[in-house]
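There are 2 protein chains.
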Amino acid sequence: MITFEGLNPIYGGVCAAAGFTAGAVRAGIKASSGKDDLALIYCVKPCSAAAVYTQNIVKGAPITVTQKHLKDGKAQAVIVNSGNANTCNANGIEIAELMCGLTADCIKIKKEDVIVASTGVIGQQLTREPFEKGIPVLAGVLSEVGSTDACKAIMTTDTRVKEFAFEFTLPLGNKTCRIGGISKGSGMINPDMATLLAFITTDAAISVPMLQKALSDANEISYSRVNIDGDTSTNDMASVMASGLAGNELITEENEDYEAFFGALCAVMLNLAKETARDGEGATKLIECAVMNAPSEEAAALISRAVISSSLVKAAVFAADANWGRIMMAAGASGAEFDPEKVSVRIVSENGDVKVCENGAGVGHSDEEAHKVLLADEVIIVIDLGEENAELNRSVAWGCDLTYDYVKINAEYRT
Amino acid sequence: MITFEGLNPIYGGVCAAAGFTAGAVRAGIKASSGKDDLALIYCVKPCSAAAVYTQNIVKGAPITVTQKHLKDGKAQAVIVNSGNANTCNANGIEIAELMCGLTADCIKIKKEDVIVASTGVIGQQLTREPFEKGIPVLAGVLSEVGSTDACKAIMTTDTRVKEFAFEFTLPLGNKTCRIGGISKGSGMINPDMATLLAFITTDAAISVPMLQKALSDANEISYSRVNIDGDTSTNDMASVMASGLAGNELITEENEDYEAFFGALCAVMLNLAKETARDGEGATKLIECAVMNAPSEEAAALISRAVISSSLVKAAVFAADANWGRIMMAAGASGAEFDPEKVSVRIVSENGDVKVCENGAGVGHSDEEAHKVLLADEVIIVIDLGEENAELNRSVAWGCDLTYDYVKINAEYRT
Chain A
1 MITFEGLNPI YGGVCAAAGF TAGAVRAGIK ASSGKDDLAL IYCVKPCSAA
51 AVYTQNIVKG APITVTQKHL KDGKAQAVIV NSGNANTCNA NGIEIAELMC
101 GLTADCIKIK KEDVIVASTG VIGQQLTREP FEKGIPVLAG VLSEVGSTDA
151 CKAIMTTDTR VKEFAFEFTL PLGNKTCRIG GISKGSGMIN PDMATLLAFI
201 TTDAAISVPM LQKALSDANE ISYSRVNIDG DTSTNDMASV MASGLAGNEL
251 ITEENEDYEA FFGALCAVML NLAKETARDG EGATKLIECA VMNAPSEEAA
301 ALISRAVISS SLVKAAVFAA DANWGRIMMA AGASGAEFDP EKVSVRIVSE
351 NGDVKVCENG AGVGHSDEEA HKVLLADEVI IVIDLGEENA ELNRSVAWGC
401 DLTYDYVKIN AEYRT
Chain B
1 MITFEGLNPI YGGVCAAAGF TAGAVRAGIK ASSGKDDLAL IYCVKPCSAA
51 AVYTQNIVKG APITVTQKHL KDGKAQAVIV NSGNANTCNA NGIEIAELMC
101 GLTADCIKIK KEDVIVASTG VIGQQLTREP FEKGIPVLAG VLSEVGSTDA
151 CKAIMTTDTR VKEFAFEFTL PLGNKTCRIG GISKGSGMIN PDMATLLAFI
201 TTDAAISVPM LQKALSDANE ISYSRVNIDG DTSTNDMASV MASGLAGNEL
251 ITEENEDYEA FFGALCAVML NLAKETARDG EGATKLIECA VMNAPSEEAA
301 ALISRAVISS SLVKAAVFAA DANWGRIMMA AGASGAEFDP EKVSVRIVSE
351 NGDVKVCENG AGVGHSDEEA HKVLLADEVI IVIDLGEENA ELNRSVAWGC
401 DLTYDYVKIN AEYRT
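Line order of the protein sequences matches chains A and B.
Here my numbering is used: position 53 in the first sequence is 53, and no number is missing along the way.
Here my numbering is used: position 237 in the second sequence is 237, and no number is missing along the way.
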């Protein structure tokens, strides 16, 4: 059970937690864009740190270097560029090491305490110059209000800043803590571990093993429930750094403090994940698929992900067409076992709630009413698999509609 | 090894083999289209028959009825409608049984010897009327030149007639045989067993177990290597009927005659499969992905399918943009194990041959030259995984580009 009780949304994103600052510069990696392309997040002291990574076996050089640096569970800064993924490059490791080395030198920390990430085109060479010029400047612009700038600098095809923070209380010692995060991701998004770049910071004190467990578990129900286009990036990473500056007693087991922390982490990651789906390339609508009363929790997860991943479901939602047969098709091909004749389907939005299918067959709904429901910006597809005593076998996943602009953005990405 | 030697393309499609006729009528299932929507294929004698079916667990009623009818390995006719998938309908089985019963009555065969299939919108009720009016007419228009009409009548969003036939010789008795087929399929196409409707006829004499084996094996390297949009239809089926009227000695084992028959069957199915990819919804280009020197044959198959399935690869090919990093991304996420640093990638077409990646990194190709190569109607992506002594670990898969028209077709499918 996840508890969201007592969470208080606050300002500050990745700088909301005590000890953290951030900043961004234009290093010139995106030659022609005129926007910032290099971001830094820094903590005044070394933090407990954990991360999850893409499962793609073609991995960016920054993934390899970060995995090495996080072996000891410690980090003090994150350096990230957009405009080039630093993947499938002959000099990839050299550049990723350079990014860490320059960062460490400029802010006087250990090179091994730097997390490095890159996002952009795969397979294009990077030179040292933008980093040699940019990182010293970047180190000078770190600020407690730098979160939004950092978030903007790591955006590629994103159109929205994805930034959240919450204040929460750890019950055992009644300590107030903060947690916040920023992320980027709009295309090449498929649920397989982390599916974007996400950087989270907190001032709670928590051991590395518990931090890794919380991140992995939260990832499973947030980023791993998002799909834009079925493609899995080579560079995905979600990291969390915990400064401990809130002064709580170190969380080392699954006690009440852990539960409160886990709820706050889930709140940050679920919000970032949903915003990622809403901001999917070319998207006009957020699609949520809620599956309930499934034969198993795994079946619920498979079906919810399959439905929001189906190109045909996505195209129908774009057209506000309640072609619910495609929802049944996607559920049936998900790999989950269920009885099609027990299935009912509803389409829900702020405009209404229409049942379209019961016992696996159409109920003769009004196409006009369903169209009205589907015209909303946020559409929920509710699939009840009709198993008895299966209240806990449920899942939610998020995606977006498939539009002309998805094709346009990805056909013209490099031009 | 598949042998294509001695195959001679001939006219006649599904009527090329001795004993078969076909026809089509407008039964009015597609209310407003004015085109034929009901097709019949008939053989003068009962045939050995085999089929492969969709793996989607939400199955059309025609699949259930056909599976029952083919239990004895015998069939004499195929009845197919377009315009309605007869899936997720409360009266689905009733209608599918009706289609078989009316067909059997009108052409004086056993109801259990009828194969039935439907394609179109899922989840819309069908009435008995179009079949009661159409099937008696249809029985009267059967003809030896009816293959193309039948093929047109089963098309939905297809824009091309998919029809092939070959003459070939069985070496053991020096008998000449014929084999031909028609198919439909343009969207909701994902490699999972049969991925469309395909009906194949031959006058070779072959036992039911050998016919089923040949069909299943040929399916594995043809229809199972095609992807348009990652969605798996509820109604897919490929069937083959063998009349035996060529008079060869019955094929009951994997001898030379079997090899010749298997080659001819593969030729029909590979051609139909490639045409399906070329005619993918909204497609402007056929994409072929050839993988070689893989760690295993399975790895080669996974990678070739993943590359032609990637939305981002498809969008890049649409734009004739050699964004080969997306090819590496798709290969890496395929689930196959390989060493990214041994990979080379070439883009090939009638306009040229450009190497874009070697040892997992860019080779500094000319974007202009690669653009020219990608402008062709048929583009081949060649991925060499660089394993030694792995000549047989190869695979080919077919797909198409992702275009504005894919979105348009599927957003407006029911309007």
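None of these hints come from the bench; they were simulated from the model.
Since the structure is predicted, the reported quantities are computational estimates derived from the model, not experimental observations.
Some hints could be false.
Copies of the same chain look alike in the list, so a pair counts if it works inside one copy or between any two.
Derived EDC-like pairs (lysine to aspartate or glutamate); straight-line CA-CA distance at most 20 Å [unchecked claim]:
1) Lys-372 x Glu-412
2) Lys-408 x Asp-321
3) Lys-133 x Glu-97
4) Lys-74 x Glu-112
5) Lys-111 x Glu-97
6) Lys-372 x Glu-132
7) Lys-408 x Glu-297
8) Lys-355 x Glu-144
Reference check for the pair Lys-372 and Glu-132, CA-CA at most 20 Å: within, between, both, or neither?
neither (55 Å within a copy, 37 Å between copies)
Intra/inter-copy verdict for Lys-111 and Glu-97 if alpha-carbon distance must be at most 20 Å
Within one copy, since 9 Å is at most 20 Å while 72 Å is not.
For Lys-133 and Glu-97, with the copy left unspecified, which applies at a CA distance of at most 20 Å: within, between, both, or neither?
Within one copy only: 16 Å inside, 75 Å across.
Check Lys-74 against Glu-112 for me: Cα-Cα at most 20 Å, and say if that holds within a copy, between copies, both or neither.
within (8 Å within a copy, 70 Å between copies)
At most 20 Å between alpha carbons: which applies to Lys-372 and Glu-412, within, between, both or neither?
Result: close only across copies, 16 Å inter versus 33 Å intra.
Have a look at Lys-355 and Glu-144 and pick one of within, between, both or neither, based on CA distance no larger than 20 Å.
For Lys-355 and Glu-144, neither the intra-copy (49 Å) nor the inter-copy (48 Å) Cα distance is at most 20 Å.
Have a look at Lys-408 and Asp-321 and pick one of within, between, both or neither, based on CA distance no larger than 20 Å.
Between. Shortest inter-copy distance 13 Å satisfies the 20 Å Cα cut-off; intra-copy 22 Å does not.
Tell me, please, which holds for Lys-408 and Glu-297 at an alpha-carbon limit of 20 Å: within, between, both or neither?
neither (37 Å within a copy, 35 Å between copies)
Hints 6, 7 and 8 from the earlier list are contradicted by this structure; the remaining hints agree with it.
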